[in-house]
Amino acid sequence: MNRPGDLAHHTLSVLVENKAGVLARVADLFARRGYNIVSLAVAPTDDQAFSRITIVVDVESAPLEQIVKQLFKLINIVEIQELSAFDAVERELMIATIEASTDTRTQIVELVNIFEGKILAVSPEAITVSLDGAPSKIDDFEALLRDYGIRDLQRTGRIALPKMDRDVPVLRAVSNS
Amino acid sequence: MTGSTDTDKPLRLNGGQALIKALEMEGVEVVFGYPGGAILPVYDPILDAGLRHVLVRHEQGAGHMAEGYAHATGKPGVCMVTSGPAATNIVTPLADAMLDSVPMVCITGQVALGSIGTDAFQECDTTGITRSVTKHNFLVTRAEDIPRIIREAFHIATTGRPGPVLVDIPKNIVDANNPDAYFDWEWPEELDLPGYHPNVTPSIESIEAAAELIMAAERPVLYVGGGVLKSRGAQALLELVELTDIPVVTTLMARGAFPDSHELCLGMPGMHGNYTAVTAIQRSDLLIAMGSRFDDRVTGKVGAFAPDAKIVHFDIDPAEHGKVRTPDVSVVGDCRISMELLNEELRTAGLPGSNPDRSAWRQQVSGWQEKYPLTYEQSKDGELLKPQYVIERLRDLSPKDTIVASGVGQHQMFASQYWEFNHPYTWLNSGGLGTMGFSIPAAIGAKAGLPDRTVWAIDGDGCFQMTAQELVTASVEKIPVKIALLNNSYLGMVRQWQSLFYEERLSEVHLGYDVPDYVMWAESMGCVAFRVEDVDEVDEVIAKANAINDRPVVVEFRCHATENVYPMVPAGGSNDDLIVDPSQADLLEADRAADRERAEAIEAGAQA
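So the sequence lines, in the order shown, correspond to chains A and B.
Position one of the first sequence corresponds to residue 955 (our numbering), numbered consecutively onward.
Position one of the second sequence corresponds to residue 224 (our numbering), numbered consecutively onward.
Okay, chain A solo, but in the shape it has when bound:
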C-alpha cells in the first residue's frame, strides 16, 4: 500500500479563497481529470478570507505540471506551491484505539512514550492514543501498533508549510511574473 511518504507522491499546498464550494471544485477537478488524491487536509489560514488545502497527489497517474496547471485554472485558487520533503515542514496527526489487555497495556504505553505520543483514554480492553509528527514517524508507529490489534484508526492527512529561508518554487502557472 502506498503511503504519503512514497516518491511518486507530491505535496501541493494550495491557497484558496475561503468560499462555499471551493473544496468541491478541487475534488471535482481531480475526479474528472483522473488524478488520484492520496490525502487532503483543509482549514482556514490566519486570514479568514483564505483557506489552505494540503493535497498529496499520486503523480504516477498524471504529470504533476498538468495537475498544477489545471488546478490553477480554478478561479478561487490563489497560489499553489509544490513542497518536497526537503523544503517543507510536514506534520500529521493520528489517533488510534488499540486492543490492550492488562498484559499488553504497559507495552503500548512504552511505545507511546518512545514516540512521544499521548494517551487519550483507557478502558479495560483498549487504549486510545494520539501521535503527531512527520508522516514517516506516524507510519512507523502505526506499524508497531498493528501487532496489538487496531480497533479504529484515523489519520488527518498531512499538512505542510515551506521551511523558512529557502526558495520554494512557486508554481503559479504564470510565466511572466
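These are computed hints drawn from the structure, not numbers from a lab.
Each residue gets a CB set at the ideal place from its N, CA and C atoms; glycine is no exception.
Covered stretches of chain A (chain B as the covering partner; in silico rule of three or more C-beta atoms under 8 Å from a C-beta of chain B):
hint, segment
1, 970-982
2, 1020-1033
Taking lysine to any residue pairs in the SDA-like style, the calculated list, with each CA pair at most 25 Å apart, reads:
hint, chain 1, residue 1, chain 2, residue 2
3, A, K973, B, G351
4, B, K623, B, L673
5, A, K1023, B, L322
6, B, K546, A, R986
7, B, K701, B, R275
8, A, K973, B, D403
Chain A is already provided as a structure; the job is to place chain B on it using the hints.
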C-alpha cells in the same frame, strides 16, 4: 434648499432590478431566455429595461443562440432561464461553450435560499451540476452581491481563455416583495478575484525563441486554431504569414481566421481535412500551433502526428501547453498580442527579406494541392443532389460575408470543406462537443446580433429534428435566418462509419425522406419553405431564398443517401493513412509505393 439633490440619493433597488441594471451596465443588448417560477421576479423589470429579450422555445435554444451571438459578434452571449429542468436543459450549451471557449453568461433562477437542499419544486443543484461545464459559476446569496458578481461573471467569461460563466440566483433575493432584497445600488469599481490573472502578454524570451525556430525552419506550417479568432487576431495572422511566407492550415474552429482564397491557405487539417493540409503537417519540420490545442480530431494517433516537427505552441491557457504534445517553445499569452510581438521581432530580424529559401517546400505543397484537391462526383440524371454541390452553389450565390452555421455530422464537414471562408467570424459550429442541433439556434443568435448580414444554417435532417422548434422563435421574433436542410434521410456520419468500419451493417441510422414533411413543418412555424430534388432547380431556389428578408426560410435539399465524406483518417489512425476520395485512391497508392521505394533505396545506400 441646500444639500443633497436627487442624484446624490442612493438608488434603492431590489435584486431583480439590480440584475437587469447590471446587465445594462455590461452593455448587454440581447438576452435569450425563457421565464419560469424561480426567475419570475427578474422578468418583471425586463419590461422596463433597455435590452431585447428573445423568447426561445426550449432552453437549449437559448444557450446555443447566446453562443451563436458570441461567435459572430465577439461580444459575450447572455441567456437566462429558470431553475430545475430549465437549468438542466441548458447544460448542453454550457458544455458546448466550455469546449469551444465561447464567452457566455448564463443566469439561472434558483429556489429561495431557505428552500435550497430540501428537494423543493424545480430545485436542482445547478452550480454542482454545471461545475465541470463552466469556466466558473456563482451561487448568489445576498441581493447586494448581484452587481459585483455580474461584473465578475462578464470579466471571467470574456478575458483569458473565454468560456461560459453561470450565475445562479435564488428567488427570494430578487423578489420585489421581500424587504431584504432591497439595497443601495453601487456598481463596483474593483473586482474581488485574487486568484484570477490571465496570462495576456507573453514573455519576450519566449517570443525570441519562437522567432529563432521560425527563421531556421525549412518546412514550417502554421497550425491555426480558434484562439486566433477569440483574440481577434486575424489581421495579425495575415501580417505574420506575409512576413514569413509560411503555409497555413485552419482547424474546424478557425475557418475564416485566414482567407481560404490566399495562396498560402491549405484549408482544414484533421480527420476530414484535405490531403494537403494533413500531409503538410505530417512532413513539416516546424509546427507553429497558434491558439490550437492538438485535439484528437486533428492529431489522429498522437504518436504519429507530425513526427519530425518541432513545436512552437502559442496559447493563453497554460494548461494547453504540454497537455498533448510537449512544445519546444511555449508562448503563453493572448494570440493577437503574441503575434504582434512576434511580427515586430521578425521585422527587426530582417524579415521578410531574410527568409530562408523554402521554394522546395512550397513546390512540394503546391504539388499536393494540384494532385489531391477536394473532389466528388456530380450526381447523374435522375439521382438526388450531392451535398457538396448544394454547398458550392450556396457559397457562390450568397453574399461574400455570409455567416454560416452548421450542425454536426457529414453536412458540417462538407460545409467546412466546400464553403470558401474569407472573413473571420463567419463560421459557427460545435467543434469540441459535437452538439447535433447547434445550427438553427446558433444562426438565430448570430442574426440577432448582426441583423444586416445574411445568415445561412447548413443543417442535416437528424440535427434539424433536434432544434427545429426554434424556427418558431425566429418567425415570431422576426429574425430571418435561412436554413439549408441537406436531407439524405440518414444519420449520415454514423451511416458512413457503419459502412466503412462495421461491414455495412446499418444499425438505427435510417430516418426517412418523407416523415416529417419538412416543407409543411417549416411553413407551420411561419417560415417560407421550398423543396429541391433536381440539380436544375438548385440555383433558382437559392436565389429566391436569398431574396427573402422578412421571414425565415427553409430549403429542403433532397440529397444522395450514400455519399461519404473524404478525405478521412479513421479514428485513432495515423494521419499518414489518410483515405482519399475513391477517384484519387490509385494515384495515392502509386505515390505511396514510390515513396516507399525511395526510402528503401536511401536505406540501402546508407548500408552500402
